[in-house]
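Listed here are the chains, written in short residue letters.
2 protein chains.
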Amino acid sequence: MEEKKRTEIATLGEFGLIKHLTENLESKNESTLKGVGDDAAVLEYKDKKTLVTTDLLLEGVHFDLTYVPLKHLGYKSAVVNFSDIYAMNGQPKQITVSLGISKRFSIEDLEEFYAGLRLACEVYGVDIVGGDTSASMTGLTISITCIGEADTDKIVYRNGARENDLICVSGDFGAAYMGLQLLEREKKVFAGESDFQPAFEGKEYLLERQLKPEARKDIIKELSDRNIVPTAMMDVSDGLSSELLHICNQSHTGCRIYEERIPIDYQTASMAEEFNINLVTVALNGGEDYELLFTVPLTLHDEVITIPGVRVIGHITNPSLGAGMITRDGTEIALKAQGWNSLND
Amino acid sequence: MEEKKRTEIATLGEFGLIKHLTENLESKNESTLKGVGDDAAVLEYKDKKTLVTTDLLLEGVHFDLTYVPLKHLGYKSAVVNFSDIYAMNGQPKQITVSLGISKRFSIEDLEEFYAGLRLACEVYGVDIVGGDTSASMTGLTISITCIGEADTDKIVYRNGARENDLICVSGDFGAAYMGLQLLEREKKVFAGESDFQPAFEGKEYLLERQLKPEARKDIIKELSDRNIVPTAMMDVSDGLSSELLHICNQSHTGCRIYEERIPIDYQTASMAEEFNINLVTVALNGGEDYELLFTVPLTLHDEVITIPGVRVIGHITNPSLGAGMITRDGTEIALKAQGWNSLND
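So the protein lines, in turn, are chains A and B.
Be aware that the first sequence starts at 1, since it is given in UniProt numbering, and climbs by one per residue.
Be aware that the second sequence starts at 1, since it is given in UniProt numbering, and climbs by one per residue.
Some hints here could point you the wrong way.
Below, computed lysine-lysine pairings styled on DSSO-like, alpha-carbon distance capped at 30 Å [to be verified]: (1) K19/B <-> K34/A; (2) K187/A <-> K5/A; (3) K48/B <-> K48/A; (4) K48/A <-> K336/B.
Simulated coverage check for chain A against chain B, where a stretch passes if three residues somewhere in it have a Cβ under 8 Å from a Cβ of chain B [what the hints assert, rightly or not]: (5) 41 to 52; (6) 118 to 132; (7) 137 to 144; (8) 175 to 186.
If you are wondering where the hints come from, they were derived from the structure by calculation, not from laboratory data.
Glycine is no exception: its CB is placed at the ideal position from the N, C-alpha and C atoms.
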């Protein structure tokens, strides 16, 4: 096996490191006036609103470097922030990146992380405008702030859902969670073996959803092309059930979704069977799907279903009806932020 | 001794905790359209430029909770970000706050931290628009992003210093560093004693500079009142010498400062003597002063010295002359980012 080159961070120092990692960054957006290299970045959002979101990712809590390659981690760290901006019906434009780094990491490690960050920024048209690194006592800390823009009349909040609105989702659910279970299992099986070569054939989709998720820029464009402004929208990071409850709470409504309409990939279904986990629990509560959950008026039904990858899974109700799911056998179950009543008993 | 009340964070959960910490936040700024509670904050910067800066603070690296009260830590975490915005000649308007929290911390601990944050925001007219907490395996992680505004023609970068410009500073230098040395010494002396009551009489200024620094909003106002736009500006976080080198490097100039003109408080001087540390090294390289370092054209000399607390410490030179300091005995010493040549030998 070839030894990877390892250069200690101390050889560059903090300022040298940031300079090295951020050199040759070219601005892609008009709104980026000044990026890395001063006390603050300078942006210009003329007739648009400015959106700001931030995410903190901690080693051992949010990611496990035993099986997450640093390049993928860089990509994912950026994309989960973009996803929050799309969820407001906006476009991500800039990110700032702060890293806390222990001595375990080399310059080559950070180059890989930045390669992932840069790739994500390339794909989504985002500029890296601020970088900051500092020593850390323990592991890797990643803090990313994303700034984006939206037209004033197009911003979508969580609180705009109205009775009879359709509940729509993009993509499918539960795959990222099953990907995580798979990685955790292989980690245990191969613990201690340095030539870690687990067999992942036929499960690539699950791994991709866990390790290299994408944000639904495409759905935001399809909505815009059809002049559809959802009444409420979120991205699904904590789980479909939990996010749906946020929309219902903030919009003061109830909802009904239908088990049979929740989109699930066959790889997710087959892994859930292998692991003997309830499939619908996985889809409702797995999280990290980074799909869009949104509501539109009933009158837009015929139009919204023409968007590739979008499905209607239920509707918004009067708040007195609560938030519930109709199962395949017609039973009604209350939605919970984590798991169902019936499973928690 | 009265026992402090301790409520476990688990009793509220992540969403409950954020709601609890950020309730009753009222927006102070027109540019804040939507704060905490959605996928992203929504801001509106009409005819101004938007400034963005971010800081990551890690327990054990940037702060020691043995002697830093959480309320002070909250205050300082916010202020160091405001300082970066003032350093661009802007006004801080919003912050987002991400915390990584280990089980060691209680709800009451976080309430104290937020009390400090809120106080700083009150004093400086800033809105808290985003909050995020997550579990941490080890200690406290604080990531704050500050968004501010500036008039297009008033933004000051690091790269605008020109030959013969005057080098000006606010306040005095080295006090925060001596405050830290003092706290570290008392920590060692009292290690193991639970009734930690060190004697700090006559050294209050040093402690205040370390534990509760202020950003120089007042200087930015005084400059604006006199229609002075500095040619270059930074805030002094890493040390006067290091920041001056940044300005010289980015402006492609040299500089000469005069040892006798560097403002130093008498408490700093007396502590340096007590610790047997070279006073000028402390003032040049101590860091965490959060004072402003800026350059103005020579023609503004008579005006700039009327600003309370501002002193001219030298001038910008041709790059061929390098960056140097003239000592009290007339010797010329090259400025280094950390320590001097003469001390490093």
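Status of each hint after checking the structure:
1. K19/B <-> K34/A: The given pair, whose Cα atoms are some 35 Å apart, is violated under the 30 Å limit.
2. K187/A <-> K5/A: holds (25 Å)
3. K48/B <-> K48/A: holds (12 Å)
4. K48/A <-> K336/B: violated (44 Å)
5. 41 to 52: This one holds; 9 residues, not fewer than the three required, reach chain B with a Cβ under 8 Å.
6. 118 to 132: holds (count 3)
7. 137 to 144: holds (count 5)
8. 175 to 186: violated (count 0)
Hint check: violations occur at hints 1, 4, 8; the rest are consistent with the structure.
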